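S.K.: Sequence:
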Amino acid sequence: MPPGKILTALQASDFGLFGATWWPCAPFPQLRIVTYLVVWLFIWDDEIDLSDGTLWNAFGAAQLYRDQTLAYVRYTLGIDAARPPVTNRIILMFAPIGAAVRERYSLAQRTMFYDEIRYFMEMSEREQRLRLAGPIPALEEFWRYRLGSSAVTVCLALNEFSWAAMELPLEFYADEDVKEIFRCTNTIISATNDLVSIKKEVKRDAIDSLIPIIYAHVGDIQVAVAEVVEFVAAEIRNLDVAAERLFRRYADADEKMQAQVRDFVDGCKYYTTGNFVWSLETDRYDVDYAADGSGDILMTL
Numbered sequence: 002m003p004p005g006k007i008l009t010a011l012q013a014s015d016f017g018l019f020g021a022t023w024w025p026c027a028p029f030p031q032l033r034i035v036t037y038l039v040v041w042l043f044i045w046d047d048e049i050d051l052s053d054g055t056l057w058n059a060f061g062a063a064q065l066y067r068d069q070t071l072a073y074v075r076y077t078l079g080i081d082a083a084r085p086p087v088t089n090r091i092i093l094m095f096a097p098i099g100a101a102v103r104e105r106y107s108l109a110q111r112t113m114f115y116d117e118i119r120y121f122m123e124m125s126e127r128e129q130r131l132r133l134a135g136p137i138p139a140l141e142e143f144w145r146y147r148l149g150s151s152a153v154t155v156c157l158a159l160n161e162f163s164w165a166a167m168e169l170p171l172e173f174y175a176d177e178d179v180k181e182i183f184r185c186t187n188t189i190i191s192a193t194n195d196l197v198s199i200k201k202e203v204k205r206d207a208i209d210s211l212i213p214i215i216y217a218h219v220g221d222i223q224v225a226v227a228e229v230v231e232f233v234a235a236e237i238r239n240l241d242v243a244a245e246r247l248f249r250r251y252a253d254a255d256e257k258m259q260a261q262v263r264d265f266v267d268g269c270k271y272y273t274t275g276n277f278v279w280s281l282e283t284d285r286y287d288v289d290y291a292a293d294g295s296g297d298i299l300m301t302l
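If you count the sequence shown from 1, position 170 lands on 171 in the numbering used here, and the numbers rise without skipping.
To be clear, the hints were calculated from the coordinates, so they are not data collected in a lab. Only a predicted model underlies this, so the values are computations on that prediction, with no experimental measurement involved. Here a beta-carbon is modelled for each residue, glycine too, at the ideal position from N, C-alpha and C. One or more of the hints may lead you astray.
Heads up, simulated EDC-like pairs for lysine to aspartate or glutamate below, C-alpha to C-alpha not over 16 Å straight-line [stated by the list, open to error]:
hint: 1; residue 1: Lys201; residue 2: Asp287
hint: 2; residue 1: Lys180; residue 2: Asp267
hint: 3; residue 1: Lys200; residue 2: Asp289
hint: 4; residue 1: Lys201; residue 2: Asp50
hint: 5; residue 1: Lys180; residue 2: Asp241
hint: 6; residue 1: Lys270; residue 2: Asp289
hint: 7; residue 1: Lys204; residue 2: Asp81
hint: 8; residue 1: Lys180; residue 2: Glu117
hint: 9; residue 1: Lys201; residue 2: Glu282
hint: 10; residue 1: Lys180; residue 2: Asp116
hint: 11; residue 1: Lys270; residue 2: Asp287
hint: 12; residue 1: Lys270; residue 2: Glu181
hint: 13; residue 1: Lys201; residue 2: Glu104
hint: 14; residue 1: Lys201; residue 2: Asp289
Each pair of labels, with its calculated beta carbon distance range [what the hints assert, rightly or not]:
hint: 15; residue 1: Pro136; residue 2: Arg105; range: 22 to 30 Å
hint: 16; residue 1: Leu8; residue 2: Asn58; range: 31 to 39 Å
hint: 17; residue 1: Thr88; residue 2: Tyr174; range: 17 to 25 Å
hint: 18; residue 1: Ala139; residue 2: Glu256; range: 45 to 53 Å
hint: 19; residue 1: Asp289; residue 2: Ser52; range: 35 to 43 Å
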């Protein structure tokens, strides 16, 4: 990767800490793959999402990038047999991820993983379209694409993969409380990310994140921050309620299944707490904060 802002941002990200905080219980072989997935997602997205990226304003080229990525992901996951004619080095970096997932996951699980990558790509397209159009998106429109463009659901699709011997039935993922836990995990991570990265967003005059969008409606940055903090607190409560319902539903299952369900939920919670810890410590977001002993965190913009 050539020198520039993208490489500098990646070097400042401390992905070792990211993997350790998101997947603290993962055996090293799985930890290596899920952390590499995150590195790949950041590199892939920065081509479109950073102003120094080669595809920042090139929507047509970005569409080809997305299409070729999906074709190559399908091939490496063993969903398609024919190798697509892809030469982009970033896309080709997915190969070890696909190989590891193919070895561990069934075809149905791999398809589920692919579907989340496709969702991420589709919402990346929607986000870029809106950004290039210019106006600040409405809050509802923002959440419509943010829950996909965050790529959190891609990582959630490998929650089971990250554990040593977790084997959950496919119908587990159809459970409404599992879906609610996934949704809350996504909103918590997306909102806290937009909160702690606000300093970086202000520097690059970005308007396509949560606080600038709320600020455009309320006209007060502190009120906007307070709304995001309360939203995160409410979503944490919603996640806990859904988790308790899920535990009750599996109360009559065998001990192994109950333990796996609890580990799975803990994995989702690790995503949220790990992301927050990493976001405060990484140089990627340039967060200058001070804990004042009260449990509050003060950030200077």
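S.K.: Between proline 136 and arginine 105, is the Cβ distance one that fits in 22 to 30 Å?
M.R.: violated (44 Å)
S.K.: Starting from lysine 270, check that the Cα of aspartate 289 is at most 16 Å away, please.
M.R.: The given pair, whose Cα atoms are some 25 Å apart, is violated under the 16 Å limit.
S.K.: Is the hinted pair lysine 180 and glutamate 117 satisfied, with a Cα-Cα distance of at most 16 Å?
M.R.: holds (13 Å)
S.K.: Against the 16 Å threshold, does the CA-CA distance of lysine 180 and aspartate 241 hold or violate the hint?
M.R.: holds (13 Å)
S.K.: Does the alpha-carbon distance linking lysine 180 and aspartate 267 stay inside the 16 Å limit?
M.R.: holds (15 Å)
S.K.: Take the C-alpha atoms of lysine 201 and aspartate 287, compute the straight-line distance between them, and say whether it is at most 16 Å.
M.R.: Holds: lysine 201 and aspartate 287 sit about 7 Å apart, inside 16 Å.
S.K.: Are the Cα atoms of lysine 270 and aspartate 287 separated by 16 Å or less?
M.R.: violated (24 Å)
S.K.: Within a Cα-Cα threshold of 16 Å, do lysine 201 and aspartate 50 meet the stated pairing?
M.R.: holds (13 Å)
S.K.: Within a Cα-Cα threshold of 16 Å, do lysine 180 and aspartate 116 meet the stated pairing?
M.R.: holds (15 Å)
S.K.: Need the status of pair lysine 201, glutamate 282: alpha-carbon distance at most 16 Å?
M.R.: holds (14 Å)
S.K.: Go ahead and decide if the range 35 to 43 Å is satisfied by the Cβ distance of aspartate 289 to serine 52.
M.R.: violated (22 Å)
S.K.: Just to be sure I understand the hint, the distance between the Cβ atoms of threonine 88 and tyrosine 174 should be within 17 to 25 Å; is that true here?
M.R.: For tyrosine 174 against threonine 88, whose Cβ atoms are near 35 Å apart, the range 17 to 25 Å is violated.
In this structure, the earlier hints numbered 6, 7, 11, 13, 15, 16, 17, 19 are contradicted, and the remaining ones agree with it.
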